[in-house]
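Got chain P sorted already, so can you dock chain V onto it with the hints?
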Amino acid sequence: MVTELERIEKRTIQYWFEDGIFEISLGVFLLLLALVFLGFTLAPGGSTLNLVLGAGFLPAFLLGAWIMKRLTRYLKEKLTYPRTGYVSYRKQPAGKRRARAVIVGGSAAMLASLSALVFSHRYGGFAILPVVSGLAFGLALGFIALRSGLARVAGVAVLSALAGVLLGIAGWPEMKALTVFYAVLAVALIVSGLAGCSLYLRRNPIPEERPQ
Amino acid sequence: MTPQNFNLADIDRIIHEPARLTIVTILNAVEEADFLYLQRETGLTRGNLSSHLSRLEASGYIEIEKTYKGKIPLTICRLTPAGREAFKRYRERLREFIKKST
Chain P
1 MVTELERIEK RTIQYWFEDG IFEISLGVFL LLLALVFLGF TLAPGGSTLN LVLGAGFLPA
61 FLLGAWIMKR LTRYLKEKLT YPRTGYVSYR KQPAGKRRAR AVIVGGSAAM LASLSALVFS
121 HRYGGFAILP VVSGLAFGLA LGFIALRSGL ARVAGVAVLS ALAGVLLGIA GWPEMKALTV
181 FYAVLAVALI VSGLAGCSLY LRRNPIPEER PQ
Chain V
1 MTPQNFNLAD IDRIIHEPAR LTIVTILNAV EEADFLYLQR ETGLTRGNLS SHLSRLEASG
61 YIEIEKTYKG KIPLTICRLT PAGREAFKRY RERLREFIKK ST
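Those protein sequence lines, which keep their order, are chains P and V.
With my numbering, the residue at position 77 of the first sequence is 77, and numbering never jumps.
With my numbering, the residue at position 17 of the second sequence is 17, and numbering never jumps.
Among the hints, erroneous ones may be present.
As the list claims (entries may be wrong) - Simulated pairs of lysine-lysine, DSS-like, Cα-Cα distance not exceeding 30 Å:
{"hint": "1", "chain 1": "V", "residue 1": "Lys71", "chain 2": "P", "residue 2": "Lys78"}
{"hint": "2", "chain 1": "P", "residue 1": "Lys69", "chain 2": "V", "residue 2": "Lys71"}
{"hint": "3", "chain 1": "V", "residue 1": "Lys99", "chain 2": "P", "residue 2": "Lys76"}
{"hint": "4", "chain 1": "P", "residue 1": "Lys91", "chain 2": "P", "residue 2": "Lys78"}
{"hint": "5", "chain 1": "V", "residue 1": "Lys69", "chain 2": "P", "residue 2": "Lys91"}
{"hint": "6", "chain 1": "P", "residue 1": "Lys176", "chain 2": "V", "residue 2": "Lys88"}
{"hint": "7", "chain 1": "V", "residue 1": "Lys88", "chain 2": "V", "residue 2": "Lys71"}
{"hint": "8", "chain 1": "V", "residue 1": "Lys66", "chain 2": "V", "residue 2": "Lys88"}
{"hint": "9", "chain 1": "P", "residue 1": "Lys69", "chain 2": "V", "residue 2": "Lys66"}
{"hint": "10", "chain 1": "P", "residue 1": "Lys10", "chain 2": "P", "residue 2": "Lys76"}
{"hint": "11", "chain 1": "V", "residue 1": "Lys69", "chain 2": "P", "residue 2": "Lys10"}
{"hint": "12", "chain 1": "P", "residue 1": "Lys76", "chain 2": "V", "residue 2": "Lys100"}
{"hint": "13", "chain 1": "P", "residue 1": "Lys10", "chain 2": "P", "residue 2": "Lys78"}
{"hint": "14", "chain 1": "V", "residue 1": "Lys88", "chain 2": "P", "residue 2": "Lys10"}
{"hint": "15", "chain 1": "V", "residue 1": "Lys88", "chain 2": "P", "residue 2": "Lys91"}
{"hint": "16", "chain 1": "P", "residue 1": "Lys78", "chain 2": "V", "residue 2": "Lys99"}
{"hint": "17", "chain 1": "P", "residue 1": "Lys10", "chain 2": "V", "residue 2": "Lys66"}
{"hint": "18", "chain 1": "P", "residue 1": "Lys96", "chain 2": "V", "residue 2": "Lys71"}
{"hint": "19", "chain 1": "P", "residue 1": "Lys69", "chain 2": "P", "residue 2": "Lys96"}
{"hint": "20", "chain 1": "V", "residue 1": "Lys66", "chain 2": "P", "residue 2": "Lys91"}
{"hint": "21", "chain 1": "V", "residue 1": "Lys88", "chain 2": "P", "residue 2": "Lys78"}
{"hint": "22", "chain 1": "V", "residue 1": "Lys100", "chain 2": "P", "residue 2": "Lys69"}
{"hint": "23", "chain 1": "P", "residue 1": "Lys91", "chain 2": "V", "residue 2": "Lys71"}
{"hint": "24", "chain 1": "V", "residue 1": "Lys100", "chain 2": "P", "residue 2": "Lys96"}
{"hint": "25", "chain 1": "P", "residue 1": "Lys69", "chain 2": "P", "residue 2": "Lys10"}
{"hint": "26", "chain 1": "P", "residue 1": "Lys69", "chain 2": "P", "residue 2": "Lys176"}
{"hint": "27", "chain 1": "P", "residue 1": "Lys10", "chain 2": "P", "residue 2": "Lys91"}
{"hint": "28", "chain 1": "V", "residue 1": "Lys99", "chain 2": "P", "residue 2": "Lys10"}
{"hint": "29", "chain 1": "P", "residue 1": "Lys76", "chain 2": "V", "residue 2": "Lys69"}
FYI, nobody ran anything at the bench for these hints, they're computed from the structure.
On a predicted model such as this, the values are computed, not experimentally measured, just so you know.
Chain V extracted, bound-state conformation:
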């Protein structure tokens, strides 16, 4: 495959969107993270982050759990096995594309 015939349609568009890519990259590096952490690290507004998380949840890439840590309410997000696999595939394709285009 060369950059010329690299089919962009093969790229996972759910993950490829920059904000969602940042979220998935963070969640791939950890077991789970809460809403506050994701908001601080991504710099997104609450509404924007909620919307992206809902999209990822609807795709089956993340699961969201509302819980408590002591008295603190937490919205915890974690990648599902399907989400990890999708991110792995996305990254491999990205690497392949960069390698062949340089």
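Looking at chain P on its own, in the form it has when it is part of the complex:
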């Protein structure tokens, strides 16, 4: 019986992910990051554009995260809630939320610093950032796949790890490899999300009359 209660609780978590909207929003966010890295690739080191991109990376990252949150909410209100109902998840305590903000901000700052560092140094033809990014996203998406039970997210997690490692050893310049990695991951997430969303919409037409 306790297991059944746990299954019901797990199902509420799955509900957040099954419509594919989270993947689409995350994909859009990563596509924005890929564009920023493309800017780094095209701007010569020490140029004004390069400096502007470097300084604007953290605000752009936070803005992207905010856009992702708004986009997710907008799409859920338009597509999900009218079909299968509205759910609002419990907010974490303030302490945990602050810790998460520090981790997200710190990750962005670390990624920006690492990008700046490796932009001028290469390590024997091995690009480290795509490997780190690939494995980090692979782990995070793998965790989401485990919690949501969605095989398509597990597929993207494997693709992330593989793409990261392959781009790392491809011998490409660091920023080019990173740009391609984020673009590939973004497209994979958007395609996976759209497939999930399309399936969800087919399975769940809007009820003719809302039960009240």
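Leaving out everything else, chain V in the frame of chain P:
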């Protein structure tokens, strides 16, 4: 306490009923959920779900709010602090019972 002397009267009967237990478990996992979501997840008919929600509301375990999200009318349900506490107690007792009976 053993299964032999486990007093069933101590179990919260409001929560123990299977349909209401499902509703309370769902609401405990989220901040709030609307009628449509609860109906889909529990598989209950509208009338049945309404009746169980009224019973839970009368017990002070949930609160029901009629509102709008954009143009969509919503009947939103959420557990009250008393409801969360009652569910926590129910679950602890259930675990205790299972542990002692195995």
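Here's how the hints hold up against the structure:
Between Lys71/V and Lys78/P, the direct Cα distance comes to roughly 11 Å. Compliance with the 30 Å bound is thereby established for this hinted pair. Using a Cα cut-off of 30 Å, the hinted pair Lys69/P and Lys71/V holds, with the two alpha carbons roughly 21 Å apart. Between Lys99/V and Lys76/P the CA atoms are separated by roughly 41 Å; this puts the pair beyond 30 Å, and the hint is violated. Straight-line distance between C-alpha atoms of Lys91/P and Lys78/P comes to about 22 Å, which keeps the hinted pair within the 30 Å bound.
A C-alpha spacing of about 19 Å is found between Lys69/V and Lys91/P, which places the hinted pair at or below 30 Å, so the restraint holds. Pair hint Lys176/P plus Lys88/V does not hold up; C-alpha atoms about 53 Å apart against a cutoff of 30 Å. Between Lys88/V and Lys71/V the alpha-carbon distance is near 36 Å, which puts this suggested pair outside the 30 Å criterion. At roughly 27 Å between alpha-carbon atoms, Lys66/V and Lys88/V fall within 30 Å of each other, so this suggested pair holds.
Note on Lys69/P and Lys66/V: the hinted pairing holds, with a Cα-Cα distance of about 26 Å set against a maximum of 30 Å. Distance check on the hinted pair: Lys10/P and Lys76/P sit about 19 Å apart at the alpha-carbon level, within 30 Å; holds. The straight-line distance between the Cα atoms of Lys69/V and Lys10/P is roughly 25 Å, inside the 30 Å bound, and the hint therefore holds. Of the supplied pair hints, the one linking Lys76/P and Lys100/V is violated, its CA atoms being roughly 44 Å apart against a limit of 30 Å.
Using a Cα cut-off of 30 Å, the hinted pair Lys10/P and Lys78/P holds, with the two alpha carbons roughly 24 Å apart. For the given pair, Lys88/V sits about 17 Å from Lys10/P by alpha-carbon distance, which is consistent with the 30 Å threshold. Using a Cα cut-off of 30 Å, the hinted pair Lys88/V and Lys91/P holds, with the two alpha carbons roughly 18 Å apart. Between Lys78/P and Lys99/V, the direct Cα distance comes to roughly 46 Å. Violation of the 30 Å bound is thereby established for this hinted pair.
Among the hinted pairs, Lys10/P with Lys66/V is consistent with the structure: their alpha-carbon atoms are about 27 Å apart, no more than 30 Å. This hinted pair does not check out: Lys96/P and Lys71/V have alpha carbons roughly 34 Å apart, beyond 30 Å. This hinted pair checks out: Lys69/P and Lys96/P have alpha carbons roughly 18 Å apart, not beyond 30 Å. Distance check on the hinted pair: Lys66/V and Lys91/P sit about 22 Å apart at the alpha-carbon level, within 30 Å; holds.
Taken as a hint, the Lys88/V and Lys78/P pair is broken in the structure, with Cα atoms around 35 Å apart against an allowance of 30 Å. Between the alpha carbons of Lys100/V and Lys69/P the distance comes to roughly 46 Å, so the proposed pair goes past 30 Å and is violated. Our distance criterion of 30 Å between C-alpha atoms is met by Lys91/P and Lys71/V, whose separation comes to about 25 Å. A threshold of 30 Å between alpha carbons decides the hint, and for Lys100/V with Lys96/P the separation of about 35 Å lies outside it, so the pair is violated.
For the proposed pair Lys69/P and Lys10/P, the alpha carbon gap of about 22 Å is at most 30 Å, so the pair holds. Taken as a hint, the Lys69/P and Lys176/P pair is honoured in the structure, with Cα atoms around 28 Å apart against an allowance of 30 Å. A distance of roughly 17 Å separates the Cα atoms of Lys10/P and Lys91/P; the hinted pair therefore holds under the 30 Å criterion. Taking the CA atoms of Lys99/V and Lys10/P, the gap is near 22 Å; set against the 30 Å cutoff, the hint holds.
Distance hint between Lys76/P and Lys69/V is fulfilled; the C-alpha atoms sit about 11 Å from each other, no more than 30 Å.
In terms of the numbered hints stated before, the structure departs from hints 3, 6, 7, 12, 16, 18, 21, 22 and 24, listed from lowest to highest.
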